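Peer 1: So the sequences go chain by chain: A and B.
Residue numbers for the first sequence follow the working numbering, beginning at 1 and rising by one.
Residue numbers for the second sequence follow the working numbering, beginning at 1001 and rising by one.
Hints are computed from structural coordinates only; laboratory data are not their basis.
Treat the hints with care, since some could be wrong.
[To be verified] 25 angstroms max Cα-Cα, derived DSS-like pairs, lysine-lysine:
| # | chain 1 | residue 1 | chain 2 | residue 2 |
| --- | --- | --- | --- | --- |
| 1 | A | Lys92 | B | Lys1087 |
| 2 | B | Lys1085 | B | Lys1062 |
| 3 | B | Lys1087 | B | Lys1066 |
| 4 | B | Lys1091 | B | Lys1067 |
| 5 | B | Lys1091 | B | Lys1074 |
| 6 | A | Lys130 | B | Lys1014 |
[To be verified] Over the 12 angstroms line for every Cβ pair with chain B, so calculated as not near, a few chain A residues:
| # | residue |
| --- | --- |
| 7 | Ile16 |
| 8 | Asn99 |
| 9 | Asp169 |
| 10 | Lys203 |
[Unchecked claim] These stretches of chain A come out as covered by chain B in the derived footprint (C-beta under 8 angstroms, 3 or more residues):
| # | region |
| --- | --- |
| 11 | 25-36 |
| 12 | 67-76 |
Please read these numbers as outputs of a predicted model, since none were measured by experiment.
All residues carry an ideal CB built from backbone N, CA and C; glycine is no exception.
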Amino acid sequence: MISFLHTYKVYQGNVIALRDVSLQVDKGEFVYLTGPSGAGKTTLFRLLSAYDRCSSGQITVANYNLNKIKPHDIPKFRRSIGVVYQDFRLLKDRNIFANVALPLQVQSESQHLIQSRVSTLLEQVGLMAKSHFYPSQLSGGEQQRVAIARALVHQPSIVIADEPTGNLDSDLSREIMNLFDQVSAQGTTVFIATHDQELIRTKARRVVRIQSGSILRDEK
Amino acid sequence: MIFWFNQYILRTWKEHTSLQLMTLVVLSATFTIFSGFLFIRSNLSSLLTQWGDQVQITIFLKDEIKKDELSAIKSVLLETPTLTKTKYVSKVEATQNFIKQMGHYSSQLLTDPEFANPLPASLEAQVTQYSELPRLVSQLIPLPGVEDVSYGQGWIENYTSFTQLFSQISLGLILLLLGGGLLIIGNVIQHSIIQRREEIEVLELVGATRLFIQLPFIINGALLGFLGAVFGVLILSGLYLWQQSTMGTTLIFGGAGIKLQFLSLLEIVTLLALGLWFGAFGSFLCIRKFNHGWSASEAHS
Ligand SMILES: Nc1ncnc2c1ncn2[C@@H]1O[C@H](COP(=O)(O)OP(=O)(O)O)[C@@H](O)[C@H]1O
Ligand SMILES: [Mg+2]
């Protein structure tokens, strides 16, 4: 499902953010990516969501070779994944409902389907009552849950979440993790970056540890 | 999808009302001038006919012309709607006219038994529409019984080259205007893209195709172009009605009951379609260079 092979990412100014990363995640797996701040977690997720290109090496995700992907295949690829960005990337001038609906709108789904899917997800993340609010009227934790709802609404085959519980208290964190569990139980591949060791300890999952751009350990 | 685009365009108008209105004003002005040229162009020949002297066409007839040949020529003239006051001038009348012009010096000429009348009989008519004349002449010359056809050749040539010159100048001006309009549409789009960079990026990230992102801009451009053409035609028709009601065409254009024709339905529809196409195509040209799938990341690095 996800495969990195000897991948490097060098940013401008010779910052080596990823160093010879090789990694394989199978279909339906639930994997944590962990490591200190600046380790390269966000960079790895950027490459795997076709947000940025790697400097060298091979990346294949959901049968798309991201080194050779054609521009007109990028939208198709992005529809098959769901991404929770560390900085949420919500649209300030749309209400919560419209934000969550975006992945369905761009696929030209029917208003009926959009209505029912978005409502279901807002219900699951506990924000149904605030569906007509704008992002600026929500707390950080609430915005994070909107971002999560948007990443799941189009039922992608891979979900990538960059520190999805970073702004949540432990009760909410657990609820959100349960949501990811449900998604995983349906056969979706889930890949979550977090530096919350507490969270990792509560469940027995595969954990990939990264430091200074290199994979330190990979334990199932 | 339709719902989405409606919302998108509504938002554009709500957020950038003044910019959109300014664009609309400029496009309306462009299309007012455009349709004005078209209006003058299609009324040019009747205006010039009215302003210039009446042109007379004379068909000189052969001496040995037969009765049925004469009536054939007559009926061609009578069936031509752009001719009036058709009349037959016999050989004798022609000579009398000639004598009238020459004064009394040759008053005995007709009674002179030695005089073989050299003047041919002819048909005369007044021309009301110059543009039809060359075709009519080429139709008349091969008819049996016609010796020669004479008309205000020089005037007609001037008329033709004048209309050509007018068409060329107005075409040039219109291209200039449309070029300006394109620049304006381009600027408006550039502006909305800069304003919406973040939104476009997020749309890309959730899997919007290039077309999906571009289409609202193209539809909005088409809308602006179409409305510009509508207002252009409306303004022109307002001017037309005002001019007709206050002064009456006859006062300005000097007697003779000249009628200015407003643009035909076909011309109006063509103008509106052109506005629509122009707005859409202009927007397409301006937006083509944006959004290549990776641009989300390229905008940052
Ligand atoms: N756009 C960028 N340009 C230059 N350096 C960057 C950029 N993004 C991240 N980095 C650097 O790459 C390294 C890894 O960053 P990041 O992937 O964000 O780590 P993490 O998400 O694990 O905290 C850091 O040293 C960071 O400073
Ligand atoms: Mg990070």
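Peer 1: If a hint holds in the structure, say so; if it doesn't, say that too.
Peer 2: Outcome of the hint check:
no.: 1; hint: Lys92(A) / Lys1087(B); verdict: violated, 83 angstroms
no.: 2; hint: Lys1085(B) / Lys1062(B); verdict: holds, 22 angstroms
no.: 3; hint: Lys1087(B) / Lys1066(B); verdict: holds, 17 angstroms
no.: 4; hint: Lys1091(B) / Lys1067(B); verdict: holds, 15 angstroms
no.: 5; hint: Lys1091(B) / Lys1074(B); verdict: holds, 17 angstroms
no.: 6; hint: Lys130(A) / Lys1014(B); verdict: holds, 24 angstroms
no.: 7; hint: Ile16; verdict: holds, 15 angstroms
no.: 8; hint: Asn99; verdict: violated, 9 angstroms
no.: 9; hint: Asp169; verdict: holds, 27 angstroms
no.: 10; hint: Lys203; verdict: holds, 29 angstroms
no.: 11; hint: 25-36; verdict: violated (count 0)
no.: 12; hint: 67-76; verdict: holds (count 5)
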